[in-house]
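> Residue numbers (my numbering), protein chains in the order written: chain Z, 1 to 123; chain V, 124 to 278; chain U, 279 to 1014.
Everything labelled a hint here was simulated from the structure, so no lab data went into it. Careful, some of the hints might be misleading.
Claimed, not checked - Per the computed footprint, the stretches of chain U lying under chain V, defined by three or more beta-carbons under 8 Å from a beta-carbon of chain V, are:
#, region
1, 358-368
2, 633-644
As the list claims (entries may be wrong) - From chain Z, some residues computed to sit far from chain U (all C-beta separations above 12 Å):
#, residue
3, Q24
4, H30
5, V41
6, T78
Beta carbons are placed, not taken as given, at the ideal position from N, Cα and C, and that holds for glycine.
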Amino acid sequence: MSLQILAVDDSRTIRDMLNLTLKQAGFTTHLADDGVHGIEVLDAMSSGPDAIITDINMPRMDGFGFIQAVRKIEKYRTVPILVLTTESAADLKQRARNAGATGWIVKPFQPKKLIRALQMVTG
Amino acid sequence: MIDIEEKAMAAEIELLTFQVGKQEYALDIMSVREIRGWSKATPLPHAPTFILGVINLRGTVLTIVDLADRLGMGQTKTSERNVIIVVHTGKETVGLLVDAVSDILVIKKSDLQMPPEMSADSNQTFISALIIAEERMIRILAHAAALPSESMEIV
Amino acid sequence: MSDEDPMIEIKASFFVECEELLESLQDGLQIMDAGGTGDETINVVFRAVHSIKGGAGAFGLDQLVRFAHQFESVLDGVRSGAITANRNAISVFFQSGDILADLVRSARDATVADVERTQSVLKELETILGHDSNEVVEDEIDDFQPMFLALDLDLDSSVDERLDTPEQSIPDAPAFEDGYTINFVPDSALYISGNEPLHLLRLLREMGPLNVICDTSAIPALTDMDVEKSYLSWTVQLTSDEDQGAVREVFDFVADLCTLTISDPRNREATATPLPPLPQLDDTTPQDEPSMSPKATLETSSNSPHPQKMAPNTTTIATADAKSGTRGALQSDQPRPTVRVDLERIDRLVNLVGELVINQAMISQSIQEADISANSAVSNGLDDFSQLTRDLQDSVMMIRAQPVKTLFQRMGRIIRESSAMIGKSVRLKTEGDATEVDKTVIEHLADPLTHMIRNAVDHGVESPSDRLSAGKPEEGIVTLSASHRSGRVIIEVADDGAGIDRPRVLQIAVEKGLVAKNAQLTDSEIDNLLFMPGFSTAREVSDLSGRGVGMDVVKSAIIALGGRVTIQSDPGNGTTFTISLPLTLAVLDGMVIDVAQQTLVVPLNTITETLTLAQDDIRALGPLSNVIKVRNTFVPLLDLGAELGYRSPMDSYIGAIVLLIARDDGTHAALAVDAIQDQRQVVIKGLQDTFGRVPGVAAATILGDGKIALILDPVDVVTNAVGHTRTAQPNLQLAG
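Excised from the complex, chain Z in its bound form (with noise of 0.2 Å):
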């Protein structure tokens, strides 16, 4: 049973990437496009993702708003975040950190290092 990944990003281009460096690791993979997308397409879940990758500037809800409301969430209180940022500028880690978040990774991200992020958090 392969882990199911949410990811959520407002980039098509993103999405695609996450989506074929997800699935040529294994994973599920599922996509929304910005943070009440997610939301959406976490409700619709059976069984809850494994973890989660958000990007912080989306539209509607962006990762800080969603990452908020997913912890608001029973099941989802402790559920492996990881949060997508261009730059290691630490204040937005730490806005990160403060919102709930469980990692993060720099975008344009290798794929070697998402996976590795995965498995920091997910085993």
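Since the structure of chain Z is provided, determine the placement of chains V and U on it from the hints.
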């Protein structure tokens, strides 16, 4: 139905034979799209005589070539008895006006003969090979008969 | 399939996405330019640049990334309020948007963008940012390599066992000599964040043999246990040759959520630990005397104290929602769902529908000829069928339709650049952006429109000083509008300049021999002189328009599209060009005519007028040709049947029906035809060019009776006409 693989292995081809003028010609059946009865063509202004015009083939505009004229045998006097062979040559589809269609022959590739050198005959470039079948000499039509030669221009 | 293929597709899709992002960037900038200051507006602009940068980084498009990064930084400053978006800034933003578009396209087409311009705009951005150009801090611009990853995620179960049932005690001992000793004490917050020690231990295990000791000494009695607190800690002895950095990396996500000590008596490079302010443990002594309960398992979900509510330190959450304010300014409703379709498929569909229409017309005709009563079921059924086919055709014809917005936005850029180049201040206003036009028409419209816009800037709008003297605002306005009117698309290019200088135009026309010296021309006729080849009123040949490309080229381009263009000028107030185009290129409004027993179709937009000749109108010109009198000019008479080689010229043209065809140079010729059937819309079918181009013929169509009617190119016929309309009769005297 003849199995295509068998044929290929046996180095055979299937030919559609037809009459033009008083002579018998043939085409590789693979390039024949359909055979239809004659219908009057809409003439194209200032076109060479061997281009009869265009007809409506189920919504597509198809150019019709008077094969007899093209082969240097003079213009065909068209009538309802004529037949149009719709031929697909690589990129283009063209209708060839002939007198009648004969039958379908299966011949061995090894039986094909090169046409003899006859410099005087303008048919030369239009015949790619010859074959003798049932005591008839059949000329295999080259695609150049359907397509124009390099130097050709209408105007 | 190689791994290359999906990346090529993703890359192509990225460039398509960029176009969409560039468009929303323009939209946002327009709103900001018009004074909009909503948060959502700047967010949209920011995100557009941010997303382009993100994708570009993944494909290693360094130039694009660098520029986008700088642009994004400035926009971020505006977003946070640190930078004000004043007029100058917005102008720089527009230019940056243009450069960004250039860089995207040059990345896509593998060409080189203008380095100088890019640099100069970059400098402007830096100036706004307020500091020197630093080399862009981009940590990881690495090529995206989606190699197949052979992940070895199945550790053998024995390892898990060992992790689950750690050593109960460590031999009383000196410090562990053969590797790292890692002391790991997670905070409660670590679990809340979704991290899990087991995963981290597994990763350590990948680096080498592990000896794990779990310290459960801190676990209180069940009744005293606080479910939100973390009571476990671990000491791990790792035998590995990996450097300490790699070991520390495993704890990247939790570095701020735990107390971590890594020591290595082997004296490997000790990296400084950038931990948040937490008391540092003595980092040499492993905790080797934990009192442990025999089976302190590391099973995560059941044992570890997971809190039932959010821990306090997560309450300071940035509420990004607060910034999303008014969206109204930008987009009042969600974007409609779309599907991406191969253009080839659409073309096929358009063709098939065209054939269906022809087929339906044929059935219609057969039924008429079969004398079936108009009230019968067949007739009624056919009426419904006709209506359905018409509706189907209308819908399909518009499938390839796109809003003109992107085209108009391009014109915005043309105006910015051309007005900057000649020192005028001009802005573009657009109306009817959402008007939809067939994709191919839009593509062919770009060049003529560009030229008309440049013309408007160059010749239409006056210089700032002239405008001020005339009591006009310094900034000129060019208005581009699109609308649908009676089945056609109407596009207007209007400037609020000085209008056409008619005396001067006339003078130049006379100088160039285009018009007779004393010719009396109406205002409208003078205006139309602009469309004549070789005409140019530029006093100084400016950079823009003076390259010998005149309005005549514009006009022929539009006519080639099946359209018409007209001019209206109001001296002192401005000039308006009106272009009328067919909705799609697949159908044509034509006049169906008879010539020498052949039915032909003449495109309506090529016919200026139709006339019936009276005896008086016909005058001989030479032994073989005639002219006819049309109001106060003489126009050559041509016999269409003869010109097409269908027959020789008619004996007499008295009573003949004649079509007045406008030539490229504005003069006319009269084509005599046998009869006019009617006017109708026909589906255009291409002719094969296997045997070369057919002169005078543009295409073909299939009529209701199934017969083919050639679609004439009358201008071609007229241009190459022989002109014989009299048969030479040796006894006849030459007409005087």
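> Against this structure, judge whether each hint is valid.
Outcome of the hint check:
Check on the region 358-368 of chain U: 0 of its residues sit with their Cβ under 8 Å from a Cβ of chain V, so the three-residue criterion for coverage is violated. For the region 633-644 of chain U, the stated coverage by chain V holds: 3 residues have a C-beta nearer than 8 Å to a C-beta of that chain, and at least 3 were required. Not every CB of chain U lies more than 12 Å from the CB of Q24/Z, the least distance being 6 Å, so the non-interface label is violated. Its beta-carbon lying about 17 Å from the closest one in chain U, H30/Z satisfies the requirement of being farther than 12 Å from that chain.
The Cβ of V41/Z sits about 16 Å from the closest Cβ of chain U, beyond the 12 Å cut-off, so the non-interface label holds. Annotated as non-interface, T78/Z brings its C-beta within 12 Å of a C-beta of chain U; the closest such distance is 5 Å.
Hints 1, 3 and 6, counting from the list given before, are not met by this structure.
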